[in-house]
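These protein sequence lines map, in sequence, to chains U and S. Under the numbering used here, the letters of the first sequence match residues 1 to 280, in that order. Under the numbering used here, the letters of the second sequence match residues 281 to 421, in that order.
You may find that some hints are simply not true.
Derived Cβ-Cβ restraints for the label pairs, each shown as a range [stated by the list, open to error]:
{"id": "1", "chain 1": "S", "residue 1": "ILE351", "chain 2": "U", "residue 2": "VAL41", "range": "57 to 65 Å"}
{"id": "2", "chain 1": "S", "residue 1": "LYS407", "chain 2": "U", "residue 2": "LEU132", "range": "52 to 60 Å"}
{"id": "3", "chain 1": "U", "residue 1": "SER140", "chain 2": "S", "residue 2": "SER402", "range": "39 to 47 Å"}
{"id": "4", "chain 1": "S", "residue 1": "ILE351", "chain 2": "U", "residue 2": "LEU132", "range": "42 to 50 Å"}
{"id": "5", "chain 1": "S", "residue 1": "GLY412", "chain 2": "U", "residue 2": "LEU69", "range": "47 to 55 Å"}
By construction, these hints were calculated from the structure, which means they are not laboratory data. Bear in mind that the values here come from a model prediction, so they are computed numbers and not experimental data. All residues carry an ideal CB built from backbone N, CA and C; glycine is no exception.
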Amino acid sequence: MSMIDNVQNLAREWLDSKEVDAIFGLKEQDGYIAPYLFTDVGELSCLVISNQYRLCYTCRPAKENILSLMLQTEPNAKIGVVVRGCEERALIELAKRGQVDLKRIKILGVACSKEDAEECRCEKPYPGNLVLGEKVEGVSGDENVNALLSKSLPERRAFWKHEFSKCIKCYGCRNVCPMCICKDCKMEQELYTETGWLPPGIPMFHFIRFYHISDRCIGCGECEKACPVDIPLLTIFKLLQKDVKDLFDYEAGMDVEQEEPLLTTLDETPMREEVMDVGV
Amino acid sequence: MDKKGFEPKILAFCCNWCAYAGADLAGVSRMQYPPNIRIIRVMCSGRVEPELVVKALSLGTDGVLVLGCHIGDCHYISGNHRTVKRMAILERILGYLGIDPARVKLEWVSAAEGARFAQVVSDFTSKIKELGPIPLQELRP
Numbered sequence: 001m002s003m004i005d006n007v008q009n010l011a012r013e014w015l016d017s018k019e020v021d022a023i024f025g026l027k028e029q030d031g032y033i034a035p036y037l038f039t040d041v042g043e044l045s046c047l048v049i050s051n052q053y054r055l056c057y058t059c060r061p062a063k064e065n066i067l068s069l070m071l072q073t074e075p076n077a078k079i080g081v082v083v084r085g086c087e088e089r090a091l092i093e094l095a096k097r098g099q100v101d102l103k104r105i106k107i108l109g110v111a112c113s114k115e116d117a118e119e120c121r122c123e124k125p126y127p128g129n130l131v132l133g134e135k136v137e138g139v140s141g142d143e144n145v146n147a148l149l150s151k152s153l154p155e156r157r158a159f160w161k162h163e164f165s166k167c168i169k170c171y172g173c174r175n176v177c178p179m180c181i182c183k184d185c186k187m188e189q190e191l192y193t194e195t196g197w198l199p200p201g202i203p204m205f206h207f208i209r210f211y212h213i214s215d216r217c218i219g220c221g222e223c224e225k226a227c228p229v230d231i232p233l234l235t236i237f238k239l240l241q242k243d244v245k246d247l248f249d250y251e252a253g254m255d256v257e258q259e260e261p262l263l264t265t266l267d268e269t270p271m272r273e274e275v276m277d278v279g280v
Numbered sequence: 281m282d283k284k285g286f287e288p289k290i291l292a293f294c295c296n297w298c299a300y301a302g303a304d305l306a307g308v309s310r311m312q313y314p315p316n317i318r319i320i321r322v323m324c325s326g327r328v329e330p331e332l333v334v335k336a337l338s339l340g341t342d343g344v345l346v347l348g349c350h351i352g353d354c355h356y357i358s359g360n361h362r363t364v365k366r367m368a369i370l371e372r373i374l375g376y377l378g379i380d381p382a383r384v385k386l387e388w389v390s391a392a393e394g395a396r397f398a399q400v401v402s403d404f405t406s407k408i409k410e411l412g413p414i415p416l417q418e419l420r421p
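So here's chain S without its partners, still in its complex pose:
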């Protein structure tokens, strides 16, 4: 597929308490954002183990967003502390394996930030459009 007219598949892991509610708010406020994302709701962004992100990428997802509560607002107090640390490691490993770390992004979206949710999704989608389809297929022998 060439980059022109490329519509990426983007997966967003949203935490139940902040980001998912933020997405909901964006929806009921009728804010516009690209329809490329598929949302998976998780109870906490700390639930998102890096293997899940790699699995999504290797199944052909072009980019993965992990959205959680702002630091200090986590429903489980320190769940997102974990996320931020492991995502940093994940990005480094992806880089060493030859996958652009920009395909994975961690953002904080609170339940009141519907506009921010729409913005994050739009920005990320245009970034992934720039990067083009995930080249992981070539990793399959």
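So that you can see chain U by itself, here it is in the shape it has in the complex:
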């Protein structure tokens, strides 16, 4: 039995036993794939997993990702969500920031195949909450990362100058990022990004995202895939993931209890309350 049959069967079981009120996943219809909330067991045969629609549950600005909208209208519902490794990490990071409520979500974790992992250059192609499928080892070492590290400082400048000059300021990297949840975005502030100029400030425009996402990047690589001019953004994010682990012993998307390091003091006491006072 193939993977997708297993997923469909398990989803059917969950729905039948009323363990969840609905299953959230991708539906294929007339050759098109879109996120869909399955409440009818009969429809589950259209449930698919597609590599083209990764993280579709999460990529929306603050409070507007599909899952949280759904839970707003049905506050007591429990929803089963079909997730891969990256999607689960995204959900955990979003839960940390109060964007989704994990208590209302039952995770149907699915492992990715070796080919999928290679295609995404994924280092951890399985969710922590693995329900179906076999764990495969992620890709270790990244060509782009090694290439960048072997360059001297002037070579790196030349490299990024070339890459960032291509930028058309479409904001695709930000819009698709599951971790870019701010309503007001610094990348749109006149102070940092002048309007009416292309390419946007080098390196300021991209630096803003590098810094803001540094401690929360889950390494899904959606930004790089979304980029119409193929700027290798994941290269720096992969390096930063490693740095954040070295500096603060923190990995994004692993533990929902662990506070993000840039919001804690040096002895890891949360400063979140102060943040809430200012932000809300």
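Please build the complex by placing chain S on the supplied structure of chain U, with the hints as guidance.
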């Protein structure tokens, strides 16, 4: 501009409670330090978001100093904890983008450390003189 006779432009973000008072003390004590720095007073070193540092560098500042209270002495209790964490990330990103992380420096200067302020500024200025003008112009297409 060649490195010889190069006078760098250096920006120093000083926190209101410690470093700015330290700079003031250095001034009233008539301590000598290079005139290359321009001080911007901020209420806390935690106010200095890394974007501000990058903005300063991309506008042609050759080096940026961020000066705050010693850990534990922050007027806002944990403001400088933030600074120290974000500056670490900032330095890494600058390195990956090809900008020498040594152009950015975080130091703690208390209100009583006028001599230390002068020392930090002198050391940093001579370091930036060694590094030469900021090469960020070449990043502008």
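| said: Are any of the numbered hints broken by this structure? If so, which, sorted upward? | reply: Violated: none.
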